[in-house]
Amino acid sequence: MNYELSYWEDLAERYFQAETSEQEEAELRKFLCSDAARDPRFDEIRATMSFLHVSRPKSKTFVMRHPLGTITVAACLCVAAFLGWHQYQQHNMNCVRIAGKEIEADASLLMQQQMTEMFNPIDQSDR
Amino acid sequence: MKRILSLILILAFACIEVHAQKGLAIQSAFDELAAGKNVTEVVMGAGRLKKYNLSLFHSLEIKMPTASEQQRVEALVQTDAEQAILHKEHGGHKLYELPKRGGMHRYIFFRQTSQSLILIYIEGKASLKQIESQFLKKQN
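Quick mapping for you: the protein sequence lines, in order, are chains A and B. The first sequence lines up with residues 18 to 144 when you count with the working numbering. The second sequence lines up with residues -14 to 125 when you count with the working numbering.
Every clue listed holds true.
Below, simulated EDC-like cross-link-like pairs (lysine to aspartate or glutamate); rule was C-alpha separation at most 16 Å, straight line: (1) A:118 / B:16; (2) A:118 / B:17; (3) B:73 / B:117; (4) B:85 / B:67; (5) B:110 / B:82; (6) B:36 / B:117; (7) B:79 / B:59; (8) A:47 / A:26; (9) B:22 / A:119.
Some residues of chain A that are not near chain B, with every Cβ distance over 12 Å (derived): (10) 19; (11) 21; (12) 42; (13) 50; (14) 55; (15) 56; (16) 58.
Worth flagging that the hints you see were computed from the coordinates, not collected in a lab. We put the CB at the ideal spot given by N, CA and C, even for glycine.
Same shape as in the complex, but just chain B:
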């Protein structure tokens, strides 16, 4: 019986994985804005992200965001940015590395222009350098 209960507990903890950004302020952005017009939400689990060494990708892209949407997302990102251990910013791109949780790196990417707003939450074993190199390669 103890074994069965242990198994259930392990599985229950594992189920938390995809809701990993829960506990962060940006969760509200995903909850509140995902159903909005011109909003594209992408969620990918670890099974699809093996080659990137990531376990979760969750993004929100708002085309032609309204001023209130921009302010709301920016404020939420700023709230989480307070606990960031690394902060990079250049040309409207903001990148925050949050403290590790469960041995996983956690990142928030945020990019805002007049045309679009992209908020990305990533979790996985890949370091920032590894992620950067993977996606910079694709541009070349």
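Excised from the complex, chain A in its bound form:
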């Protein structure tokens, strides 16, 4: 790593020509982090390499950092599934209870009957 600055200058030039190997690029990166690279001659290469490093897309592979994460996600999915099912049930609720006990009856028929009674004069609908 104790090369002359001219070596790094040459390496930087080759980097821009896309002639460097991965190992050389790694060395160059390391060098750019050192005090010796403070020379303004390396500003351009530093900026370019920094930019490429920052803008490199992150790996799309999902990495589970902690096993607790798996449990949390599973629990959340279970809760979501339950709530979805609950919501579906309530959305399609159609229930008639007599004296608190659910019975088999047509709720929509009862609804129509009650609403019709509600909107009609009392003398006609009173039973």
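With chain A fixed as given, assemble chain B onto it according to the hints.
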């Protein structure tokens, strides 16, 4: 993770829908009297009320109500009537339109005779005129 939590929250709020009359005094009438003798309770969710443009229908019909039942329900209806934005009454029928909640109209219908007592809570996008026209048609 944030997406999952958001989904759960949305679903949780949606679940509140059917218990929409919670927070109103008449909820006590449904809770206390639904199990009584001669009482018919009807609950319908949005899936069954699409053609009426409603999202909830919850009614309680008491045949031959006792004096205490009549007084209890009437008092509860009166409590909610205080926040009503519209009040119609004719021939023993009482109709209250409550302030909208979540973009939904909310109505309480109450009818009392010596033979029966009907309390209805309705929620949905339909206006009172629309509801009226739908059920008046059925009579003709």
